[in-house]
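Chemist: Chains as they are written, first to last, in this note's numbering: chain E, 329 to 546; chain R, 329 to 546; chain X, 329 to 546; chain F, 329 to 546; chain H, 329 to 546; chain Z, 329 to 546; chain B, 329 to 546; chain U, 329 to 546.
Bear in mind the hints are in silico, worked out from the structure with no lab data behind them. Owing to the predicted nature of the structure, the values given are computational and were not obtained by experimental measurement. Each hint should be verified, as a subset may be incorrect.
[Said to hold, decoys possible] According to the in silico footprint, chain B covers these stretches of chain U (three or more CB under 8 angstroms from chain B): (1) 344 to 357; (2) 470 to 477; (3) 487 to 496; (4) 499 to 511.
[Claimed, not checked] Which bits of chain Z does chain U cover? Going by a derived footprint, with three or more residues having C-beta under 8 angstroms, they are: (5) 486 to 499; (6) 511 to 522.
Glycine included, every Cβ here is placed at the ideal spot set by N, Cα and C.
Number of protein chains: 8
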Amino acid sequence: LRKGFPEVVFCQGKTTGQIVEIMSRLSQNNHTVLATRAGREVFEAVQAVLGDAVYSELARTIVVYRGPRPVPRGNVLVVTAGTADLPVAEEAAVTAEVMGNQVRRCYDVGVAGIHRLFDRLDMFKWAQVIIVVAGMEGALASVVGGLVEQPVIAVPTSVGYGASFQGLAALLGMLNSCASGVGVVNIDNGFGAAMLANAITRCANVTGAEIHAGNSKF
Amino acid sequence: LRKGFPEVVFCQGKTTGQIVEIMSRLSQNNHTVLATRAGREVFEAVQAVLGDAVYSELARTIVVYRGPRPVPRGNVLVVTAGTADLPVAEEAAVTAEVMGNQVRRCYDVGVAGIHRLFDRLDMFKWAQVIIVVAGMEGALASVVGGLVEQPVIAVPTSVGYGASFQGLAALLGMLNSCASGVGVVNIDNGFGAAMLANAITRCANVTGAEIHAGNSKF
Amino acid sequence: LRKGFPEVVFCQGKTTGQIVEIMSRLSQNNHTVLATRAGREVFEAVQAVLGDAVYSELARTIVVYRGPRPVPRGNVLVVTAGTADLPVAEEAAVTAEVMGNQVRRCYDVGVAGIHRLFDRLDMFKWAQVIIVVAGMEGALASVVGGLVEQPVIAVPTSVGYGASFQGLAALLGMLNSCASGVGVVNIDNGFGAAMLANAITRCANVTGAEIHAGNSKF
Amino acid sequence: LRKGFPEVVFCQGKTTGQIVEIMSRLSQNNHTVLATRAGREVFEAVQAVLGDAVYSELARTIVVYRGPRPVPRGNVLVVTAGTADLPVAEEAAVTAEVMGNQVRRCYDVGVAGIHRLFDRLDMFKWAQVIIVVAGMEGALASVVGGLVEQPVIAVPTSVGYGASFQGLAALLGMLNSCASGVGVVNIDNGFGAAMLANAITRCANVTGAEIHAGNSKF
Amino acid sequence: LRKGFPEVVFCQGKTTGQIVEIMSRLSQNNHTVLATRAGREVFEAVQAVLGDAVYSELARTIVVYRGPRPVPRGNVLVVTAGTADLPVAEEAAVTAEVMGNQVRRCYDVGVAGIHRLFDRLDMFKWAQVIIVVAGMEGALASVVGGLVEQPVIAVPTSVGYGASFQGLAALLGMLNSCASGVGVVNIDNGFGAAMLANAITRCANVTGAEIHAGNSKF
Amino acid sequence: LRKGFPEVVFCQGKTTGQIVEIMSRLSQNNHTVLATRAGREVFEAVQAVLGDAVYSELARTIVVYRGPRPVPRGNVLVVTAGTADLPVAEEAAVTAEVMGNQVRRCYDVGVAGIHRLFDRLDMFKWAQVIIVVAGMEGALASVVGGLVEQPVIAVPTSVGYGASFQGLAALLGMLNSCASGVGVVNIDNGFGAAMLANAITRCANVTGAEIHAGNSKF
Amino acid sequence: LRKGFPEVVFCQGKTTGQIVEIMSRLSQNNHTVLATRAGREVFEAVQAVLGDAVYSELARTIVVYRGPRPVPRGNVLVVTAGTADLPVAEEAAVTAEVMGNQVRRCYDVGVAGIHRLFDRLDMFKWAQVIIVVAGMEGALASVVGGLVEQPVIAVPTSVGYGASFQGLAALLGMLNSCASGVGVVNIDNGFGAAMLANAITRCANVTGAEIHAGNSKF
Amino acid sequence: LRKGFPEVVFCQGKTTGQIVEIMSRLSQNNHTVLATRAGREVFEAVQAVLGDAVYSELARTIVVYRGPRPVPRGNVLVVTAGTADLPVAEEAAVTAEVMGNQVRRCYDVGVAGIHRLFDRLDMFKWAQVIIVVAGMEGALASVVGGLVEQPVIAVPTSVGYGASFQGLAALLGMLNSCASGVGVVNIDNGFGAAMLANAITRCANVTGAEIHAGNSKF
Ligand SMILES: Nc1ncnc2c1ncn2[C@@H]1O[C@H](COP(=O)(O)O)[C@@H](O)[C@H]1O
Ligand SMILES: Nc1ncnc2c1ncn2[C@@H]1O[C@H](COP(=O)(O)O)[C@@H](O)[C@H]1O
Ligand SMILES: Nc1ncnc2c1ncn2[C@@H]1O[C@H](COP(=O)(O)O)[C@@H](O)[C@H]1O
Ligand SMILES: Nc1ncnc2c1ncn2[C@@H]1O[C@H](COP(=O)(O)O)[C@@H](O)[C@H]1O
Ligand SMILES: [Mg+2]
Ligand SMILES: [Mg+2]
Ligand SMILES: [Mg+2]
Ligand SMILES: [Mg+2]
Ligand SMILES: [Mg+2]
Ligand SMILES: [Mg+2]
Ligand SMILES: [Mg+2]
Ligand SMILES: [Mg+2]
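Could you build all of it, start to finish, from the sequences and the hints given here?
Modeler: Here is the structure:
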């Protein structure tokens, strides 16, 4: 077992009772626990049992820290095209932080006003990995991918209407990005983007030996 | 009948014999004739009869001018993301010229190297209407639409592979553009984009009365 | 910054608090403000702060005028196939008016009773740009596009059921219009249609120099 | 067995040998035989054996008449939007004739030039059933359906490109027709449209008893 | 105007007030009025004004008869695969009756228990037109179409789940029917099926002259 | 290793050289070898090396028997709707035979002429498993599934055109079958259907112990 | 009639009254009755009349046993990838039990933690048929199909979000399984999977004669 | 300009003449040049001019090295499910090598024979990034993603038929992977996967300062 490592609970499709039970058990085993897709009522039930649980309304995440906090090792930048993309972006940001990364946010820099993007280039220089969160046509992933050399993780969101087809337009746009160095995750999957970012910063900041030492599955 | 106005023949699905016959008849009636989607063998058959026919290999267009050439009245800029978009762009450019517009071309300025776009901003200032031709994710339409105030006509192309689904990704991207002032035409429809651009420059450069004088359909 | 120009707030996905705050700030800076996709409860909160805000129940728009009203410069005609298309049509009409155009409405002239369309041809002559709003099979855009020389902006709506697939049938129909001079915007995007219409009437009614003078983005 | 009735052979997916064999056998049994989707080389092999076989290059049909020709009993009008729709229209026309109907053709009256349709209204009055064949957006079916009281059979064709998606746009448009009295068959299925038209004219021109007398399947 | 003919109001997307107003006006003009997609609360409001209005809970139709009832002239059979298809079937049945046809119902004879179908063959002999209403895989339309010579109108329903994709599976199945003589209408469009059936029985039971006499649109 | 068991080579995407090499090696190890999706030219190259190879033109299969032939243990019936479905049906039949089953064929019994199906019911009684191969709307799977108690394996084929979308219509129809006891495999996957049939007849005809004795993978 | 055999009622789309009536009647005829897709309120109404009805909240099934319980004859294993797949899995498990099979459950062994699967291989050896229930990418069906020789019935579930498209991703994955011996049923169709499993175990555990003796439909 | 860095030419949609010209020019500027999607005839024309060009038939790549070869800095593992996935895998492998990585290959370890995967776990330990190339249902990406902690780049391929829909099934499967740490690129995009892998190994093996020093685009 991977003692001490953060564990994750995906709340969608679980009852509040199940979530409280799982989170209690994991945190007693000294795991930091992250719960995603958690409504406020779930948080309140968790907090009654785990008083130090921290909720993010926007990200819909609950975090319970256990054991020593790791020294943040990776620089992860989360970028959004619009404000409606924030819930997905915050799910990514909270996840990346819990996994042991430093996170900076660069929100609302979509291509309809591209000058806002160029005003923030220093943030892009700071980052080791960049998560781009965008709905509608998802063009921001291509623009960012064309500007930077670092790995870009593109998260299409279901923001939009009509022919956005619940994120399909953004998804297809990102998969067809004319910029190279862009990997795509599922629609609205801020969590998955952060996990991939974390895998990247781990492999960037620890030695190969360390990676495998921490990998109990083999 | 609209004597003297350019007439258009869409060659796809017609035999060479039919095309030669139609173009001869129309040009005898003193119409300038534009044929689109014409292969070289079609051109050669047309040229045998109409010696002054002009062919564009890239655009796959044949033009036969008749009557006085109109003084060009509109400024139409045709922009492409990549070189593979050129056939569609040239179909648009030739059509816009035949309809009586001045055309400038700004090719290969896709968002993967966005600096190339910013080097050409004077062209964008010159234009009354801008036609953006792009395949893959089609992000260029959003970037251009965000930069300019003029009407933008977006033409998705079937350039790409895999999840571009023969232009569907670009089409959806353009329809969901977060920039306003963008109208979309069918995949690979350079002709249609130019006809819309021409309708716009006509309405911009002649008076309302003139528009309707030339409109014999009512 | 583009002082005095109308600014637009897209309410979908924003809290009432955010909308009130943004609209207050923009109107204090002497901008006319248009809010789209606004429910009545949003309007009431806005009105409490901006007493002269005007609501359209049908269009779901809020308008707050500031500064001198521009002399209307373009003639925009909004046409619908049926009565269920009215909310989208009114979003277009209100937007076009706020942007400084004269707007006329020609509603419920769908192709199932095509004589109603022919009774209104004078309206079509008056227009510089025509916005066609239609759901189900969206055939009205082709019929209008075939009758007029002016630019036609086609707005597919999600009106219909079954194989209309929430507006997809109308969208595909409009993109494949056999009439030329037709540009398409996203499903239910009355706002976008009006912005494109406005870009067209601006380019038709001011000189090129004026367009670029008002364009602060370069 | 239904002696004397026309039999149909669908050639797609059959070898020339198989087709010749089937047609010989059926015609020896005194059946009039119609073969659809037949290339010229198939016809030539059939003709070598059945010297009176008649080929239509456009319709891709072979007909071999046997027994007395029935007195044509129904009036079927076949209408097309464009010239590229002719092969499908002719498959319908030939089939309807072989089945014992009078057929008239009204071709190239698509909605981009709707006046051509209004010039032919007498033909529409003559018809008992109208088959409308159209590709691209398929709007002609709605326009015709809105004008007439007779049953309309709509045949979407694969004519078009890009977002026509091989006839899908026309198919969806026809299924969502805002005019009532319209039934739809498969893309490019001229044969099926004619068979439905024939079922309609039979039920219109013979008594119920006659229908069932000829129906050996019960 | 077509005095005395039944008029139809499609309630979806209209307010109760609008519906009451339209139905009152039409019935005062001596039209029989049929309203489809009407909820019970709409009926109650209508009944308060038009006391003889008749409601069908299952069909969701309101009928107000005015003028002499026509002698029923056509024999329309409505068939369903399952009981969940009944609302669509009843919309068809009520519409066909209001339009002046005799209607018989043959429900719940889906292909999973095909013997039930064979027990009712006399009903099929009686019919001039057969409407087949089926969801899921929609196979009943093919089976019926293969058994009878009369025109078959297939109505796919949204009954089913998963890969039925809200009626798409049934729609595609019916369009690809290997039986000939089958026309398809939109998913859940019982009304449209009945209108087509009525157009067929009219053309079967009146002379051509009578059809056109009643057709005021030319 | 599973000595003596038939091995399968999927030829699509392999060079003739690779196929000859693999088949030689496997047959030398005393395996019966079945190659699917093999063109005639592939067969000829194989036959040059393995003189007793047997080819089926229709099934596009090559079989090389090695070791003692197993006593056929299961009764597999392969049914098709039309003659165009034969290649897929024969791929299934050959595979089932090679795997050690008795196979009977019941071809061309599609629902457009359902009486042909009822003439063959004895074959259905004989079978332990029934493979139904059908394109277009695929209704035959539902009809057979409703008639029998045995497991039915439905194979959609790409036979058809237009809205069959290369087998999608049949696939969706079969997945939504209103008859129970029907499992579906990929479009045109006759091989996969036979392998599932074989798994079923093995579990029907050998004891559990025998199954696992032959299963070297645990 | 098939006296004594379990009968099934599909509650979706039926009123509570209808369900109570049907279940009462069937159980009076000495049939064991299984109702699927039944909410708790339906159960309560049934229980008021049939006091021994048994409800499963998770499976949403009601069972009323009548007559002697059959000796369980087949071994059916139900496997799930995650906990959100449990409702579908339990629908399958309850159905298989009611039909006369022994059922074992192996839940939450998805491929993200594949070692959990390998810990349970004895269960797989016990089974005659394996039902694999999985959403998201549905990879578990391929992994299980590659490990075992028995027939595998794959049930895609609508568990997931974004590009899972309500189960489409899992459905396509399962249909394209690179493992052979896998048949697929509709999304979320636990009932159908169990009925197919039951058809398989019947054919495995009774003689052919017995199958047909119990089959009253011929 | 980024002197000395490898430049890439995408040959699809370019003429041989264009490709030769571009590659000559770039290599004269001392850039290593990689050409992808290059047929043998293109290679031969390139080789005539650049004698040291190296071709991979399988990967369809041409490489011309210029300047000192970089010391390989990252460990990239390329994994495939089947042999038909090799062209895409080799495009990835060659690209990763040219960009300065060590590459190992682990081919034909698809989940239908999962033991082959477990035999190679040492290779997985060696890797810093893993590229998984798979068609059909694409399940291998989930299985690998569940086993390792390193970043996984999933490349769906168009290998398969029927409901694989040219790679769509694999694409959806990979996007819905229940394993975390998986990013997806376009169907058949081996090049893009390698570029993302390279961005990851660069950020893992050079300091942040070095990344940005080499990044001339800011
Ligand atoms: N490349 C094109 N794409 C779409 N439509 C076209 C194209 N070229 C011409 N057309 C249209 O086709 C019409 C001529 O069609 P036809 O009469 O069949 O030659 C023109 O009036 C245009 O509206
Ligand atoms: N063009 C066509 N499209 C669709 N179905 C056709 C066509 N021509 C013939 N058929 C059908 O194919 C049947 C003959 O098929 P077959 O027995 O395979 O030759 C006829 O009875 C028709 O129902
Ligand atoms: N259930 C229905 N489905 C589709 N169209 C309908 C339905 N009921 C009525 N209609 C159509 O709607 C028209 C009336 O629309 P409206 O004028 O908006 O009330 C009628 O003439 C019919 O063509
Ligand atoms: N016609 C077919 N369709 C689908 N899969 C097949 C077919 N024929 C063989 N296979 C599968 O392909 C595997 C052999 O693939 P390979 O090792 O690439 O030759 C067999 O074990 C089967 O599972
Ligand atoms: Mg980049
Ligand atoms: Mg703009
Ligand atoms: Mg026009
Ligand atoms: Mg009509
Ligand atoms: Mg029939
Ligand atoms: Mg059955
Ligand atoms: Mg297996
Ligand atoms: Mg992992």
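Chemist: Okay, the stretch 470 to 477 of chain U and chain B, do three or more residues pass the C-beta test at under 8 angstroms?
Modeler: Answer holds; 5 residues pass the 8 angstroms Cβ test.
Chemist: Check, residue by residue, whether the stretch 344 to 357 of chain U contains three or more positions whose beta-carbon lies closer than 8 angstroms to a beta-carbon of chain B, and give the verdict.
Modeler: violated (count 0)
Chemist: Using C-beta distances, would you say chain U covers the stretch 511 to 522 of chain Z, given that this needs three or more residues below 8 angstroms?
Modeler: Check passed, 4 qualifying residues.
Chemist: Is the listed coverage of the stretch 487 to 496 of chain U by chain B valid when you require three or more residues with a beta carbon under 8 angstroms from a beta carbon of that chain?
Modeler: holds (count 6)
Chemist: Would you say the stretch 486 to 499 of chain Z counts as covered by chain U, given the rule of at least 3 residues with C-beta under 8 angstroms?
Modeler: holds (count 5)
Chemist: For the stretch 499 to 511 of chain U, does the count of residues with a C-beta closer than 8 angstroms to a C-beta of chain B reach 3?
Modeler: holds (count 9)
Comparing the model with each numbered hint stated earlier shows that hint 1 is the single one that does not hold.
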